[in-house]
Amino acid sequence: MPILEIEDLCVHYVTPQGVARAVDGASFVVEPGQIVGLVGESGCGKTTLARAIPRVMPKSARVAGGRILFEGEDLLALPARRMNAHRWKKIAFIPQSAMNSLDPVYRVGRQMSEVLIERGGMDKRTARARSAELFAMVGIETGRLDDYPHQFSGGMRQRVAIALALALKPKLVIADEPVTALDVVVQRQVLDVLRALQAELSLSVILVTHDISVVAYLCDAVVVMYAGQVAESGSCDDVLARPDHPYTMGLCNAFPDLARSQGKLVPIEGAPPSLLDPPRGCRFAPRCPFRVERCDEPPPLTRMRPGHRAACWRSGEAAALRIRASRTDTWEQIGARVA
Amino acid sequence: MSALVEAQDLVKHFPVSRKIGQVLRGEHPAVKAVDGVSFAIGRGENVGILGESGCGKTTLGRLLLRLITPTAGEIRFDGQPLAEHSGDALLSFRRRAQLVFQNPFDALNPRFTMATSLAEPLRNTRVPAKEHQDRIRTAMRRVHLPDVETYADKYPHQLSGGQLQRVVLARALVVEPEFIVADEPVSMLDVSVRAGILNVMKEIGEQMGLAAAYISHDLALVRYVCERTLTMYCGVVVEDGPTEEVVHRPQHPYTQALVKAVPVPHVHQSREPLPIKGGVPDARNPLSGCRFRDRCPYAFQRCAEEVPPLREIGRGHRAACHLLD
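Residue numbers (our numbering), protein chains in the order written: chain U, 1 to 339; chain P, 1001 to 1325.
Just chain U, same shape as in the assembly:
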């Protein structure tokens, strides 16, 4: 049984301009022990979705529909107190700027102990010992528990944020852009720490990122989001090698690839639609070079192969489209159209 099932989730923001449908009918599952990458451009709803799971949403957000089943229990139906009991212990959330959220006036070890004491009901000494254990786990010398956050580098603070999230042995960790602000070497070190911990503790992880290479490096499965909806999902192996949705094809081609000789990078022209008034049909259609008349109707998320789903009317011709998508001129005509 999946550890997490998201069914037709809708999260809306109420703004003075109207209702922004940040997540608009998203569905996917996370299996136990799986690392799932949630990718997409900024403004596609991935952070909103990630925050809806532990229900840490801004005031202007409201869940307009759908279910979030965690071990079979609908988190959205839980009373606030029961939900609160799940946070840290079952579901941990690492926000985007977690590394900057440590309090500068308290020693790092004390901040960790605080979580363990307040949330985990430990006494001071046990909390201290557990903090040391957590530090060792993410590869920081335990002697540094008595340092202040400013004495840590960005990569180390990010590891502290990870250690904090793991403090009460959650089953599911949701990390929002955990390596985005980091240099390549540090990024790699943090990803390796995440991978090692995932294996050791058999965690399930949802990793929110805009970087396909990070997904390729770390994740087992990937969910590609576009304009609040899931465009494609499946195992990394399958989706990255044989994308069935033109948006995924575009994302893969837009990335410089150090391992191969570099042809021309292929940008996706245009910008994601406004979520206040998204296109009625396929949301990617205005930027899609393969648009046909049928795309005026919303394509359903259809099963392509076992575990692989895509929301595109033309996914049957994906093999041919993939070849065309790798050429710049295919996308350039869109540039003319959207400009």
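These aren't lab readings, by the way, just hints derived from the structure by calculation.
All clues stand as given, with none of them false.
Reference listing, derived: stretches of chain P covered by chain U, where coverage requires no fewer than 3 residues with Cβ under 8 Å from a Cβ of chain U:
1) 1185 to 1196
2) 1220 to 1231
Result set (DSSO-like, lysine-lysine): computed pairs, CA atoms no more than 30 Å apart in a straight line:
3) U:124 x U:169
4) U:264 x P:1260
5) P:1202 x U:264
6) U:169 x P:1277
7) U:89 x U:171
8) P:1260 x P:1202
9) U:90 x U:59
10) P:1277 x P:1260
11) U:171 x U:124
Beta carbons: idealized from backbone N, C-alpha and C, even for Gly.
Got chain U sorted already, so can you dock chain P onto it with the hints?
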């Protein structure tokens, strides 16, 4: 071909506050952001400056544009020492060398329309007003925003990140420079639009014969636009060579680690642990000898005793490592 930009033993130290003991001993602690860097950039050449945060790459870029003055060493632009420029000569340098900002969301005045922002460098460098329209039109065409009228009256908040970065780029180009410094020009942008900006940068480099220094921590991006790459570590250049050489046959252990650290967009890739440990070094107290030796898997006695010189190891390829001796 004579070089357009030449840096000779360039040093930039930023003083830090002293403790009482240091004052009494007459010590002047400083962050040695750039600590003895020599290289040249030819006309029309694109050079990538690669390194982690804190390695001094941004400081180097600012020095090259004389936005800050070096502590020691010299920069020559078109054969003339930059430090001696003043008045009209400095103004002319400001026209010939331009900066492309990292964050397009901050780089433009939110109260200026695009037309005002684009005309500002022209006014500053005293280009006659009657030429402004043409210059702006040309620059906007170069960055693939040909429809000047649509953008002229827009404010920054009305444009997307990709459009803004194109305008920022156009703003550097309106004065028809010969040299630009681009500091992490796409790091704030979404992947889907990054490719477009990089393509534009590559294209204008070729069309205008523009020399450029691209500052980035991402070798994959540097490789896409630059034929040559300098790797910096803790204020010094540790490797300098043709980009393809650096990518496929990196010689310095630090560059080797950087190449390995870049994730690629395929599932099948090496996931071996990186050969180097630790983090960014302390630029106040760089190590004796080779500055990289505490993280280097191959370090031996000599690395602590002697500073490895940047030596020629191949055609146009230099590296600073005792292993290559």
